[in-house]
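Those protein sequences? They're chains L and F, same order as listed. Residue numbering for the first sequence follows our numbering, starting at 1 and increasing by one per position. Residue numbering for the second sequence follows our numbering, starting at 1 and increasing by one per position.
The hints are simulated quantities; they were obtained by calculation from the structure and are not laboratory data. Don't be surprised by glycine CBs; every beta carbon is placed ideally from N, CA and C. Treat the hints with care, since some could be wrong.
What the hints assert, rightly or not - Now the stretches of chain L that chain F is said to cover, found in silico as 3 or more residues with beta-carbon under 8 Å:
1. 77–84
2. 108–114
3. 190–197
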Amino acid sequence: MARQPIGDVLLKADNISLSFGGVKALSNISFDVREHELAAIIGPNGAGKSSMLNVINGFYHPQQGQITFKGQTRSRMKVHQAAVQGIARTFQNIALFKGMSVLDNLMTGRNLKMHSTMLEQAVYWGRARREELEHRGKVEEIIDFLNLESVRKTPVGRLPYGIQKRVELGRALAAEPSLLLLDEPMAGMNLEEKEDMCRFVLDVNEEFGTTIVLIEHDMGVVMDISDRVTVLDYGRLLAVGTPDEVRNNQEVIDAYLGVAND
Amino acid sequence: MLYRESGQFKTSYPADQAIFPIVQDRWGLIAVLVVAYGVVPFLIDDYWSNAVLLPFLCYAMAALGLNILVGYCGQISLGTGGFMAVGAYAAYKIMTTFPNLDFIPVVLAAGLITAAVGVLFGLPSLRIKGFYLAVATLAAQFFLVWVFNKFGWFYNYNATGQITAPPASVFGTLVTGAHTHPAVTYLFCLSFVALFALVAKNLVRNRVGRSWMAIRDMDIAAEIIGVRPLTTKLSAFAVSSFYVGMAGALYFAVWLGSAEPTEAFGIDQSFLVLFMIIIGGLGSILGSFLGAAFMVLMPILLKNVMVDSLGMAAVTAKHVEILLMGVLIIFFLIVEPHGLARLWQIMKEKLRLWPFPY
Ligand SMILES: Nc1ncnc2c1ncn2[C@@H]1O[C@H](COP(=O)(O)OP(=O)(O)O)[C@@H](O)[C@H]1O
Ligand SMILES: [Mg+2]
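Kindly generate the complete structure, drawing on both the sequences and the hints.
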């Protein structure tokens, strides 16, 4: 399947500032993400990358700035609102439902698409049964896509780290999001797992046309797969551009690549 | 690539989504039901009914309810005794106000009233967690018992302060009062509990159950994928209290016949039911039954062995029992938090593969 061409602006952050007590996590950051784009945010530890994702999906409320998503401008996003609007995410430190099976984790990812009442669920009749089966089918497609067939009934707490990261991607995908935020999906993985994850991220972007914002430490990976890169450093916006532009940006070389190459 | 094998889905999911996908489990359950309905009613006498079967069924219902809240939704509660009291007093008031009412709507209404009270006392759970929530529910426990002692309206201003269940029947057959038949009361409670165990099983494997577990396991992540903490927690309090309330109604009206709030619904009851789900298995429907059976049968068994066979003094035996209970609780909390249900599951997995270990 051919990749869908990059479209209009889907998400726009304007002049976002966020601080915790004295710590300025983000100062006056503006950036945008276009439809079907695979955008990356890079920067050293503590640069404010995770904070930026938290602002986008309403988990942190910035002191200043605006978020425009699908044409609607808000001074702050609310967590539930973000979910309803089609923003899904994964976390830097895995945040799965550890006592639940892979299947149930993914099914929970679709909870906003299910509408049967508690009474219908209590008797597992009519709409409740129909919905369970229909969504089970969708979830199985994702399980298939991520090669999780052999562990679908396993409680995720018992799975190895690399697989858990994949399950978390699956849970986010289960919501069929229009914007997918991935916070260091490859962190702590070995080379092979990284390659797998890379392929999954690219496949999601290509096959479903999902817009993705990716935080990643591994410069090689970022430069390979992303359309555009935003560089943060100590809460400041250092540079935005294509991987090539960013790679040749002097400030970036000084501040980040220089450090990374030490 | 996404749609490969799509043809096989339709044939396999309904089967895999069935309530008991494993054949052995289905047969096991059928066997239990056949014995429970086809054999036990012919052997039952007053002793078995009053000392074993009715308490087991009433407590199983309460344990199901508490397990939904604690085991599935991760919200601790020490107020079970108080909520059972709400169910019992609701049933009493309804039965004395409408003497000719069938007993089934009485139990259901008692459950619904308790659900409403449970939601009210569940409100703090939106702000507080863990230990603090436990203390808040403990306050509910003492408050509710105090209310039922204090206000005469609840016990119809009778001199003893006790409530006594008037005769009530189901489809014309007496299930409460002095002139009941043990097989009838047993079958009535059994049917009620079996039906609502099925309902609980359905709830926990559907969306609402997954939402409960999601809140239990990682509330922030749950919220981010659209599970609302407020409605989810309150729904767990409501459903849990509904069960506990029905348990209270059955416990008072069918099993005990009459009750006094401090004795019948004290903090001891709260802990007893909590121990049942810890020993039986948190987050397991089967565990609720195993825990209830264990806690009802163990004291009887111990008494038989220690007092009747070994000739121990009753007081000493009671102390040994309490000690043993403490050790068991600690064992299950530390070694096997999923309780008897998990031990049973491990045994089944071993059996299924037997005689080849792998
Ligand atoms: N919840 C929080 N409370 C206090 N400080 C925070 C919080 N979240 C992030 N910070 C601070 O904000 C800064 C940016 O953190 P973060 O966004 O996690 O960086 P990154 O993801 O780029 O490593 C850090 O100094 C961090 O300590
Ligand atoms: Mg981070």
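Status of each hint after checking the structure:
1. 77–84: holds (count 5)
2. 108–114: holds (count 5)
3. 190–197: violated (count 0)
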